[in-house]
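A.B. asks: Read top to bottom, the protein sequences are chains A and B. So the first sequence is numbered by my numbering: it starts at 1 and just counts up by one. So the second sequence is numbered by my numbering: it starts at 287 and just counts up by one.
Note that these hints are calculated values from the structure, not bench results. C-beta atoms are modelled at their ideal positions from N, C-alpha and C, and glycine is treated no differently. It is possible that some hints are incorrect.
Stated by the list, open to error - The calculated PhoX-like cross-link candidates involving lysine-lysine, where the alpha carbons are at most 25 Å apart (straight line), are:
#1 K249/A / K412/B
#2 K194/A / K98/A
#3 K44/A / K412/B
To be verified - Beyond 10 Å from chain A on every Cβ pair, some chain B residues (computed):
#4 A298
#5 F325
#6 E336
#7 Y338
#8 L352
#9 I356
#10 S359
#11 L440
#12 S453
#13 K473
#14 D489
#15 N521
#16 G524
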Amino acid sequence: MPIKKSRKIDIYAMTWRLPIIIWQLLFFVGPVIFMIAMSFFLVKNYRMMEAFEFINWSKMFSKNYFWDSYFYTITIASISTILAMVLAFPASFALAFKASEQMRRWAIFLLIIPFFTSYLVRTFSWFVILSEKGVVNALLGYIGLGPFTMLNTNFGTLVGYLTLTLPLVVILQTVTMANIDRTLIEAARNLGCKPLSTIWKVIIPLSKTGLIVAAIFCFILSFGDFVAPFYLGGSQEPTLPILILDTTKSGQQWPRAAVVAIVMMITLFSVAFIGIALAYRKKASK
Amino acid sequence: MNSNRILNIVLAAYVGVIFTFIFAPILFSVIFSFNSQRFPTIPLGNFSTEWYVKILNDPDIWQAALNSLIVSSSTAVIATILGFCTAYSDFRYNFRFKGPYLALILLPPTIPLIIMALAMLAWLSKLGMSGQLWSIVFAHSVLTAPFAMAIIRLRLNQMDPDLESASWNLGGSEWATMRYVIIPFCKPAIISGLCLAAAVSFDEFAISWFVSGLNKTLPVVILEIVQGNIDPQVNAIGTFVFLISMSLVILAQIFFVYRQMKSTNT
């Protein structure tokens, strides 16, 4: 609905347009830019001094533990992403193609619930469930297995990540696949395509965009979470978020924490950018 | 056909396994909160309301609950106002830099909370505004405004654009049209937006932990207890927080989804 407007400032339009601009400049753009500036500040006698030095960057980049932590975080976040995507797929497939409309709506409603329950409490719950004498080991004990050490291992961290990401991934995958035009799938079947290759050759390519978006979100969530690696992984190998936490909370090394945060943001933006480029890439003609 | 049947059963069982994994921690947290054992396991101990009695008698927890209430309700109001303004601007106007404009509101939830927390802490300390309840509200409103905006924008999509023009033709000013046509039309979405923003804010712990200083909210108290050791009080607080968040979400659903269905059916 195009509406012709005179050139002078339209007070009505600005009343609705400006609040968010001012607010986000103050409390979103401001903080992020300040954090970038802060990465060049100096810390002397536990006090931050405004400056423009590269010392924090060179200090962090020369530390082995920073790079170890960086690659560890990328690796475990990638594993978590792949696991979540693979584990969720059959469930999403069932919800998208086998369940009725009504059931699907209920399933999605149920899957929204976890977003509004404290992730901390859920993690604590896993901590108790997975502990040496916890529920899982007690159940395994009945069939003569275990006990297994699950806390303070990568397994623990991954359980935490999956708790965070699985609901979102199942929702996104289900919605994407449910929106595929059914006639295309039937056409493939009628033309003699076997069920499994229908999944590979029809369903996955058609839902590529949604699947990639799900994977990106999954990676962002795992990469940025400090709770699972801290409580369930025992932070034996600290991830970048734990590094930020330690650097900020103990000792006033905020500038170095800012360096880590900026590296994380650049990494996430690159991953998101590559993912989106892949998702919307025009299909090469075959 | 028979193999198809087996496949369906296997798939259904698999969905069950995934849902069990997702809901096990929530379910167990509620069960443990009524369990007498300090280190809960199977077989379960006796039914007990010990942990609830404990938290109800703890003045720190009451204070934290009050803080959480203040923060989440203030956040909800600010976020919903911001969300409404942005949703309406997006609905009604086309202007230059609209892409970056929308990115400005939609981006914050995609940035890891720990990074937002660090940036907020540094910035608010610089401005001399950290360590107060208001500091959390500022940060949370940035985080939750997109949710409110999305829901109100969806509602505006259902509005016939001619409705606005009709009101103008009948002599209503733009402001009167906003007051008597658009806001009433968006009311269910505005209420859902309020509830959702409040629910997200009520659960958020990373930013609150960094910027709150001594004014702790409930999730921050949980965080600090969890750091200490295994203490089933966490389950009791968690169950309580869960009930509040869920009521908010269900209210949001009732106001939004239900109305939505009604208006699409008729």
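A.B. asks: Which numbered hints does this structure break?
C.D. replies: Hint check: 4, 5, 14, 15, 16 fail, others pass.
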